[in-house]
Amino acid sequence: MPSEGVLRRLHPLTLLLRFAKSIPALAIAILSSTAAVPDGQQRFQNFIMLGLSAAYAFVAVPLIIAHFLKFSYRITPREIIIRSGVFRRRKRNIPLERIQNVAIERSLLPRLAGLSSVKIMTAGSAEAEGVLEYTSQSVALDIRDLVRKGSQVIQPDVAFSDTEPATGQLLVDMPLRRVFLAGAFRFSLVYIAIIFSAVAYAQQFNSTVEQAVMDWLLSNGGTNLVMDVPKMWGIAVFAVVLAIVLAWISGIVATVVRFYRYRLRRMEDKLVRSHGLLTLQEATIPLKRIQALIVRSNPLMRAFGWFRIELQTIGYDVSRRGGNMAIPLARLDEIAQVGPRIRPFELPESYEHVSPLAIRRTFLRYVRALIVVLLPLGLWLGSAALWGLSTLPLLGVMAWLQYRNHGYVVGADTVYIRHGVFKQKIWVVPFERLQTFRVNGTWFQRRLGLCTVTPDTAGAGVLRYPRVVDLPTKAADTLLEALYAGLRASIAGSGT
Amino acid sequence: MVALVIDIAGIAKADRAIPLGVISGTTVLIGGLLATLLPVLRHRFWRYELRTEELALTRGIWNRVHTVVPLRRIQHLDVSQDVIERNFSLGRLIVHTAGTQGSSVVVPGLEFEEAERLRSEVKHAINEYAV
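Chains as they are written, first to last, in the numbering used here: chain D, 1 to 496; chain S, 1 to 131.
Treat the hints with care, as some may be off.
If you only want the chain D side, here are some residues facing chain S, beta carbon under 8 Å, derived [stated by the list, open to error]:
#, residue
1, ALA412
2, ARG446
3, GLY449
4, ASP456
Example chain D residues on the side facing chain S (calculated, C-beta under 10 Å, incomplete) [stated by the list, open to error]:
#, residue
5, PHE345
6, LEU347
7, THR436
8, GLY441
9, THR454
10, THR457
11, ALA460
12, GLY461
13, ARG467
14, LEU479
15, TYR484
16, ARG488
These are computed hints drawn from the structure, not numbers from a lab.
For every residue, glycine included, the Cβ atom is placed at its ideal position computed from N, Cα and C.
Build out the structure end to end from the sequences listed, making use of the hints.
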């Protein structure tokens, strides 16, 4: 139990973990520098290896030890004081009442050692203001407990037997089956790209895999296989299918590892989220920091009636994947039940559409992109590139789908904006979270009497943010009026 | 800015002197035209208006942007002046909000006193809400 003002250090096992963490860096440094030396210069390679090892032993190791020795913290009833730094000493005072958030993270190695890393976040910046890496699990829970109570006196008799808070209202408790399903829907092209680049990378160094595949094919399909065009196509299709399946499986594995035992609780004015298979994560999200809810889906999920909810928050570490997750997978009726306990809302049945002229504009944008792709291809392939134009009807359908899926609804105290087909997002933005309003129209839009309305919120993505594109000017004015009136009413109502 | 970029590109071409100054000449000409025309146009389309509850701005030649900043949403205000602006005793008012796209809204090309005056006016308006 952190008693008042006692000088505390990180857990001694921290040293061991930091050494373990630094070894891969050393290995990479040695590998890359020796690889840079041409073969046959064995002595030179040995020399580099020796030098790097010496640098590690006489610089890195002492630095790690010094860093550990110079790091101390103190918890008083009012604040947490962290002293750190080897060459430049730093003392940081974090008042308890300013702490918004304490995140406890236990990745595999620290978990085996019974340690946790504690991240203390305030409103000041998106990054953690104080990082205690690592403390024992009980200290981590104490700190969390302390912050939850605000600046109140610590109560030593409140025991936390597990990593999970004992109180609060359980909003989401995902069974393993559901987590698997969430992974199955989380099909991402990123994984395919990673696998392909890994394969390409492997092939650069040796062609044994290729050779093995060829051998297998030769033994199974006769000798003249290489010239056999249909079979070549077969191989290509097989490779693509294999890549897709692999990507699918890796997506499932990644999701299960991340969201295993996913739980979301509401404790008074905070959300507490815990999950993870190897790395246990627990985060506290104050409700007042939530700026918007985002209901996301892709066509596959929608076909089976599944959605997921993410949060748009300020000052919270959203750069980490899953950092803004609220409900990884839920049915529409579950969303209607659980979602409003985060913030009251009611998803609309149907949306107001923008101008049908948007179809034309989207289509022309696609065509422009197609031309940009086809022109260099044309230089390379000649007239064969004209086959690319056969995708035109597809682009037309896509433009129409974009239009069908784009819409907005101004509710009683919330605005809903839906955007996107493959990565559909429904932004649920409470009026009181609106910041500024922007109406803009490019020359093309103005010619057609259209414009784009962007209600700005805090903590939105830089590229993906709620906006209503290609609205007739009149409707845009009405929307702007409605949103602004809503904002004013909500401010007047809350008195802030 | 666009004109400046074109001008620089023109100079680079002249150095290479492949088409013997024809391209660079026209570039400089067009650049010069743009350099004189663009600021005029830009100035013409730049509007700002301080209303009782909000600051409204309209700007842009190609992409016409209209921004409404509710005064209650303003976090803090800056008046800034760079070297060129100081030469002409001009300044700009920068309004910061907690938003993302519109987190800082700039009103440039104000006379310095006007910028200062606008700032204090906005500040007063905000303070009135605070009461």
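For each hint, the structure was consulted:
1. ALA412: Violated. Min distance 20 Å.
2. ARG446: holds (6 Å)
3. GLY449: violated (13 Å)
4. ASP456: holds (4 Å)
5. PHE345: For PHE345/D, the interface hint is violated, since the closest Cβ of chain S sits about 21 Å away, which is over 10 Å.
6. LEU347: Violated - the Cβ of LEU347/D stays beyond 10 Å from chain S, reaching only about 23 Å at its closest.
7. THR436: holds (4 Å)
8. GLY441: Holds. Min distance 5 Å.
9. THR454: holds (6 Å)
10. THR457: holds (6 Å)
11. ALA460: ALA460/D check passes; min Cβ-Cβ to chain S is 4 Å, inside 10 Å.
12. GLY461: holds (8 Å)
13. ARG467: Because about 9 Å separates ARG467/D from the closest Cβ in chain S, which is inside the 10 Å limit, the hint holds.
14. LEU479: Not OK, violated: LEU479/D not within 10 Å of chain S, min 12 Å.
15. TYR484: Holds, about 7 Å.
16. ARG488: holds (7 Å)
Violation of the numbered hints given earlier is confined to hints 1, 3, 5, 6, 14; the remaining hints are satisfied by the structure.
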